[in-house]
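Chemist: Mind docking chain B on chain A? Use the hints.
Residue numbers (full-length UniProt numbering), protein chains in the order written: chain A, 1 to 98; chain B, 1 to 360.
Don't take each hint at face value.
To be verified - Here are the computed lysine-lysine pairs in the DSSO-like style, where the Cα-Cα straight-line distance is at most 30 angstroms:
| no. | chain 1 | residue 1 | chain 2 | residue 2 |
| --- | --- | --- | --- | --- |
| 1 | A | 82 | A | 97 |
| 2 | B | 173 | A | 15 |
| 3 | A | 26 | B | 358 |
| 4 | A | 97 | B | 253 |
| 5 | B | 173 | A | 82 |
| 6 | B | 96 | A | 15 |
| 7 | B | 300 | B | 235 |
| 8 | B | 235 | B | 96 |
| 9 | A | 15 | A | 86 |
| 10 | A | 97 | A | 57 |
| 11 | B | 96 | A | 26 |
| 12 | B | 96 | B | 173 |
| 13 | A | 57 | B | 173 |
| 14 | A | 30 | B | 358 |
Calculated directly from the structure, the hints in this document are not laboratory data. This one's a predicted model, so the numbers in the text were calculated from it and none came from an experiment.
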Amino acid sequence: MTDTAPDIDRDAVPKVLRGVRLHDDKVRRKIVLLAPERVIDLDPIGLAIMQQIDGQKSLRQIIDRLASLYDAPAEQIGDDVKGFIKGLVDRRILELKV
Amino acid sequence: MNVPAPIAMLAELTYRCPLSCPYCSNPLEMAARETELSTEDWVEVFEQAAALGVLQLHLSGGEPAARRDLVDLVAAARTAGLYTNLITSGLGLTQKRLAELDAAGLDHVQLSLQGTDADMADRIGGYEGGFKRKMQAAEWIVDAGFPLTLNVVVHRQNLHQLPQAIDMAVAMKARRIEVAMVQFHGWAMLNRGAMMPTRAQADEASRIVVEARARLEGQLVIDYVPADYHGDYPKRCMGGWGMSGLNITPDGKVLPCHAAQTIPTLSFDNVRETPLAEIWYHGDVFNAYRGEDWMQEPCKTCDRRKLDFGGCRCQAMAIVGDPAATDPTCIKSPMHGRLQQLAQELSADETAELVYRKSP
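So that you can see chain A by itself, here it is in the shape it has in the complex (with noise of 0.2 angstroms):
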């Protein structure tokens, strides 16, 4: 773990907060995150992250299932998946179980 790194238990289970929900938005050709007030634009790691939250899979699985699909290891995105998730969960689009 680097030191900017935020520290999350890989063991908790990002969720989606009611309220929230991805948007296929036509007219600009793009998915946004809508939410309370806000639209949230995403970028293509952070629409894949996005896609893999089901309030099922842990932290550490969402990670893990990025890796095997990116072909990327798992050390080396772990800490950007940490980071957009942290991000969100402070602006209370996303809650963390654990």
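Modeler: Below, chain B without anything else, positioned relative to chain A:
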């Protein structure tokens, strides 16, 4: 210029409201019930808005719950693909109605707060017993599972309650709180003497917000609209005129912002006569202050013009008398000193009485 599609639409379903808040953003001249758009009209507007690119729909008023067809309107908006946000005083919401709104797909509720106790809230809202009913509604909203945002308008008379308002939001399990220093448009223009915060209060509010944001990270999101008469630079009003949002009045007029009718030279198109896309892209009103061509000095050559788009056109109209002038909040405006002096004088007014909003 390349005009982006709008992201957000504020639908003012009615101007009727049980409260009489003296800072109401509605215009002084309000359309009566008989002129309100019908259910079918609104459904058509929602479909056009979604096709145009609107993602977020804010159902507001007046009090939107005063519309008997609110549940049908929410259902139609969701069917059209819009994210639905109900902006309410809580009055007129029962457990039964909230269950119906839930079934209709309502995404989020924003509840207004006039004060943190009945004395303050009922005095500012001009409605005896309103606070008690609002607190009951808040409980029902959270019990029904809706994400809740509290919206508190802060001014000279209630600023001391801001810390309690933030505590209340946490206790109510609200996900967000919007702390808005009173914005002087609409009815608030009649109450500048009674509501203008002092400079010290404006600074105190900012300090409270910064402290609470750090303390409540991950628990409560705090959005903050600072006091602009006391600012040094203008707000990024509406993200630029005609760039990201639009507003529909109860009788179908389409505005770039809720205060735009204070600019007397503008003549507004109506969804009853013209398609929304035509109004957004080609309407005179939306093109009047879009982009930079309309700008005067000092905005015209200022590096900040891409950050704040020259500020608020309605404030330039209200204070300078010219809607194309630099927002006087800006330190580069020749009227900035005058605005600061005005803010100081108004905040020291000890005799001004509240002028309450009257429903149409």
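Chemist: Give a verdict on every hint.
Modeler: Evaluation of the provided hints:
no.	hint	result
1	A:82 / A:97	holds, 14 angstroms
2	B:173 / A:15	holds, 17 angstroms
3	A:26 / B:358	violated, 42 angstroms
4	A:97 / B:253	violated, 46 angstroms
5	B:173 / A:82	holds, 25 angstroms
6	B:96 / A:15	holds, 28 angstroms
7	B:300 / B:235	holds, 17 angstroms
8	B:235 / B:96	violated, 40 angstroms
9	A:15 / A:86	holds, 12 angstroms
10	A:97 / A:57	holds, 11 angstroms
11	B:96 / A:26	violated, 35 angstroms
12	B:96 / B:173	holds, 21 angstroms
13	A:57 / B:173	holds, 26 angstroms
14	A:30 / B:358	violated, 44 angstroms
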